[in-house]
Each structure stands twice: as C-alpha cells, then as structure tokens.
Amino acid sequence: MIELEAVYHRSGLNWSYAYNESTVHIRLRTKRGNVTQVRLECGDKYNWDKYNESIAMERFGSDGLFDYWQAAISPRFRRVVYYFALYGEVGETVYFLEKGFFDTPPTIIYEGLFDFPYLSPEDVHSPPEWVKEAVFYQIFPERFAKGDPSLDPEGTLEWGGEPSPTHFFGGDLQGVLDHLDHLVELGINAVYFNPLFAATTNHKYDTRDYMLVDPHFGTNEKLKELVDACHDRGIRVLLDGVFNHCGHMFPPFIDVQQNGPASRYASWFHIQEWPLKVENGTPSYATFGFEPIMPKLNTGNEEVKAYLLEVGRYWVSELGLDGWRLDVANEVDHAFWREFRREIKKANPDAYLLGEIMHDAMLWLQGDQFDAVMNYPFTNIVLDFFARRHIDATRFAQSINTQLASFPQQVTEAAFNLLDSHDTVRLLTLCGGNKQLMKLAVIFQLTFQGTPCFYYGDEIGLDGEHDPYNRKCMEWNPAKQDRELLEFFRRLIALRKAHPALRGSGLRFLTISGLPQLLVYERYDEKDRFLLLLNNDESACTVTVQSSGLNGLWQDVGSDTVIRIAESTIEVALPGFGYAILQASADHLIEDIRLSVS
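The opening position of the sequence shown corresponds to residue 1079 in the numbering used here, with each subsequent residue numbered one higher.
Simulated from the structure, these hints should not be mistaken for lab results.
Please note that the accuracy of each hint is not assured.
Label pairs and their calculated CB-CB ranges [as the list claims (entries may be wrong)]:
(1) E1136 with Y1196: 20 to 28 Å
(2) K1210 with G1166: 35 to 43 Å
(3) N1298 with R1110: 51 to 59 Å
A quick note: this is a predicted structure, and the numbers were derived from the prediction, not measured.
Here a beta-carbon is modelled for each residue, glycine too, at the ideal position from N, C-alpha and C.
Please work from the sequences and hints to get the whole structure.
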C-alpha cells in the first residue's frame, strides 16, 4: 500500500520553484522504498488538451524516512498546472492533486490541480554565477599578517604569542597585501574579511565608525589598494557587515548615554528602561546576546535604515566590493534586508549577499533577501561524521540528501560551505589533531556543490580551541608550516577548479555493508564521472569495484593508497583514514557498479 500520510508537496519554496528563466523544478516526497515510480502529469491550464505531457520523475535522494523525487520542466507558456501519479509495488496507482488523493485521474482538469501560475524572470532566485566557481578564504585581519608596524596599537604583543580575547598582535591590510601570492598559489579566488571598520576590540564587531577603516589596519585608501590588488589577481572580496548592532563608542549611542530619553538618537536603539544600565549581566537595552558594548540597532527606524543602506552602497561603489557577509542576519527584520538587497544590487548586480544564519534559512533564501547563507547545517553534518564520529556513512548520506531536498538547487549551488571559522574550534583540533581525518573532511567539502571556504591557517596546520585560541597568529615561517598539508590543499583545490562535475549537482551515494565508516560516492556531469572512497576508520580495508563496463577507463587522480585497475575490476587498498579518488569519462557511464570489501 502506498502510505499517503508520508506523501508531501506544496506549491512554492523548495517544492516547486523557478530554477532559471525557462525551467521549473517540481519535487515530491514519499515514504522511503514505498513508491516504485512517480510521473508528473502537467500542462497548460488554459489548453490542457493541446499542451500536456507526462514526465517520469527522478528519485534524486533518500534519507532515513523518505524518498525525494524531482522533475525539471520548461513550460511553453511559462505557466503550468500539474498533479502526480504514484505507482506502488503491487500495481496500485494513486493520483495526488492539490485537493487530495484519488484512485482515478482528474476528469475536470482545471479543478484542484497544483498550480505554478507564471514563471516571471523577476521572481527567479539567481545568485551570482561567479560564486559557483569560487573557493573562499576567511581572513581574521588582526591575526593574519603584520605589514606596517607603525599602525600597532599600544601594548601590541610579539607576533605568534599567546592570544587572549583582548590582545593585539598588529595584523593589518598591508600584511594581507604582502601575502596575496600565498592565496594565489593555494588556488583561492575569493576572500571574506572579518570586520575592517573602526572599533575598540581586536575582532572589530563593535563598530565605532562604519565609514572608516580601523586605523590599526590602515586607511580607506589602503583598503581600496588591497581590493584592487585582489581583483588584479582574480580574487573577489567580501567584507563583514555588522548591521544588527554597533559598538558602545558609536557616536549616536554615546549621545544616548549622555542625553538619555532626550537624545535625538534614542529611537535608534531598543531601550527597555531608562537610565541605561547593566544589572546582573543584563543590559536595560537590547544588545547582541548580553554584550553591553554591542547595542542592537533599530533597523525599523527610518534614519537608521537610511544610514545603514548608505554604508552598504558606499563600500560597494567606492571599492568595487564583490559583496557582504552579514553578521547575525537572522536577528534583523526581513523588510530591512529586502531594501538592502535592492540597494546593493543596484550598485553591483553581481554582488554576493551572504547571511550568517545557523539554522533553517529558507525564509531568507527566496530571491528577495540573501543569495546564500553560511551553511552551518552542512558544517554540522560533515563534522558529525568525520570529526566527532557521531554518525556512520549511511546516516551521513541520508543527512546530506535531506539537506539537498530542503532548498532549491540554485541555493545549494551558492551555499557557503565552511568547516570552521573564528566562531568555532579549528578543524584540525576538532579532528583530534588527526591530519588524515581532517583531509577526509576537506575532500568532501571540495567535492560537493556549493562554495567551500577555508579559515586562514588551516592549510598549514594551525589548530586551536574556541576563542581566543582559534584566532592565533598565522604562521609564515615555512619551517614551522605543515608543507605536506599545504600541498594537499593546493592539489585538491586545483582538482575541484578543473572539473565542473565536482561542483555540480550530480551526486550518488553507494553503500557497503559491514563497514559503517566507509563513505563511497559518485560525482558526475555530462563530461566526467568521479568515484570517491573515504575510509573514516583507523582500520585498513580493501574495496573491490566490479562492473562489466569498467574496461580500464578509470584513472587515479588523487589517492593516498594502492589502486589496481584491471579490465572489469578495481581493487583499492585503503589504509586507516585513507582515500581514493578515481576519474572516468562520462562517455563510459557505468550504471552497474558493485562494491565488496575484504
């Protein structure tokens, strides 16, 4: 029996959406293994008899509970109505319409069907194309590199010393300029900077002046020089926009502190009780968290809104900035972000708007606010498997498939996929110092769709627990860098950039019983096919790949193990925490791959 209570679809969101100006994606959910086939019956609502078609839907992923189906259609007149025909194992057929489930197909075709009213180009969520090709690198400016010691604040410590939440080490913009060749050699083509604007802390999330580069980092002119130098090397630049809150030295907030309710800026903030005070760690005004030095801005206030929109426009126009990473984005009202998007896209239609949201972000990803968000759900899935070892390969694959089904495809293509940052424990530390385990996580990150981002220093073996130890100084002495790890990052980044199949949507997980920590998956497009085997276990194993269609066409393109390729068999001897990456031409599509282990 088809279990109808598991069947789900609704018009809109991630279930029916415009993928581009001519293509609509339609999705359906059914109970895992309960439905053998689904056909999408679709046509024009004004002339179904002349314009209709029946399309077999593809099962593009499964998790522990459900199968997810998708069909891509190109409505001739940009509109389509549709219903689903679901086929069970014993000849059962159920027809699913917006108005319910039926044993027979509809006879009055215009009544009760799902409806995609019109594919308006203006409604298509279209993140910038360059983002799909980007490999990001996150720089915490105070700790990346020192280039101009004359800018050092009082009390600056020697580079590489023990960090604390209040220490300064003198990192600056000139230091970044001096080391751009490192980024180019690594393969980086996009940089995300933590805040650069005037503030009192070393992290600069307490903005004092949104129109001024912090004097500890340099000048506005030096930032312009840096952005131009990045662009000359093919590197895009994202700045961190802190528009949820300011710092306690922001002049309007100082005025409120001095003049109380009489301040002309009183409505710029969320004051709960006068006078301003902090009792038992709780301020009488809204803040980021409970941080007294970070008062929350009232983005519903027209003056605040106008000011912040001008800040956003100014730096995009002045620098040729490639976008904004937007701090604490989920605590700012949606109306503000809609206006922010309109203004920024006027200044640079190709700007990338990236929100910091750590939970389900679908409400912000409908084309009217952000292009993407920092993909922390992805982060947690990857870390739970590779670093924390909380789940097995089957659960990992199911969780990734759930994630893919939760968002439109173009959202996944532009998602910001990170494994660590200034807010988290560093990846190497999360992996218990196991460099091989870290490599496995990075391989998956670099062979998955979306935009990978690496935190400065990961590539040369920096480790560190939570703040302040995850914000230690970058190590520039080659003798103290992990050069083998650096070469691994270079090689894998180059492999990703060379093959669109590793960045696209073609993905299939393969299962091997008996080895719960062995992850095997394929990545493919119309040109290439990759087979990846990642042994997330300390014990070695040998995997045999069999298919009548192999014919020696596979080649090793990035493994750390011994691979024997014969006419119809590949034998992969994986060491503990080892990996194999094989490539073949998609002209030799292999559908009957069989895996066994010994």
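- Item | Violated hints, by number in ascending order, as checked against the structure | Violated: none.
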